[in-house]
Amino acid sequence: MKRILLVITVVAFLTAPAYAAREITQADLDNADQARIDSQTRLEEATQQYEDSIRRLDQLQGEVARLSISLTNTEAELAVTK
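Residue numbers (this note's numbering): 379 to 460.
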């Protein structure tokens with residue numbers, strides 16, 4: 379039994395490098411480069427959307443602040459007229 383286990387282990391160690399030694403081709407490099415370009419494009423689009431959202435949030439917060447001031451002034455005017 380130990381001998382069989384030893385043979386299986388030796389065969390596994392001898393054949394493993396054959397699977398790992400696959401040559402990297404130009405097509406592999408081209409595919410990896412295209413995947414990188416696609417990822418970069420998606421990242422740039424997401425970054426632009428994020429920045430647009432931050433600008434819009436800033437605009438909305440400013441509008442809410444102005445409306446709040448206007449509401450406070452209107453409430454004060456109503457209190458005076460009562």
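Simulated from the structure, these hints should not be mistaken for laboratory data.
Any given hint might turn out to be false.
Estimated spans, in silico, between C-beta atoms of each pair [said to hold, decoys possible]:
{"#": "1", "residue 1": "Ile386", "residue 2": "Gln412", "range": "55 to 65 Å"}
{"#": "2", "residue 1": "Asn409", "residue 2": "Ile386", "range": "42 to 52 Å"}
{"#": "3", "residue 1": "Val385", "residue 2": "Asp406", "range": "28 to 38 Å"}
{"#": "4", "residue 1": "Ala390", "residue 2": "Arg420", "range": "32 to 42 Å"}
{"#": "5", "residue 1": "Gln427", "residue 2": "Thr450", "range": "33 to 43 Å"}
{"#": "6", "residue 1": "Asp436", "residue 2": "Arg400", "range": "50 to 60 Å"}
{"#": "7", "residue 1": "Val388", "residue 2": "Glu422", "range": "46 to 56 Å"}
{"#": "8", "residue 1": "Gln418", "residue 2": "Gln439", "range": "29 to 39 Å"}
Where is the CB? At the ideal position from N, CA and C, for every residue including glycine.
So, going through the hints one by one against the coordinates:
The beta-carbon spacing between Ile386 and Gln412, approximately 41 Å, falls outside the hinted interval of 55 to 65 Å. Range check, Asn409 to Ile386: Cβ separation about 35 Å, and the 42 to 52 Å hint is violated. Separated by about 34 Å at the C-beta atoms, Val385 and Asp406 satisfy the suggested range of 28 to 38 Å. Range check, Ala390 to Arg420: about 40 Å between beta-carbon atoms, so the 32 to 42 Å window is met.
Here the CB-CB span from Gln427 to Thr450 is close to 34 Å, well matched to the stated 33 to 43 Å. One distance hint, 50 to 60 Å for the beta-carbon pair Asp436 and Arg400, holds here, with the actual separation near 52 Å. Range check, Val388 to Glu422: about 51 Å between beta-carbon atoms, so the 46 to 56 Å window is met. Distance hint check for Gln418 and Gln439: the Cβ-Cβ separation is about 31 Å, which falls inside the suggested range of 29 to 39 Å.
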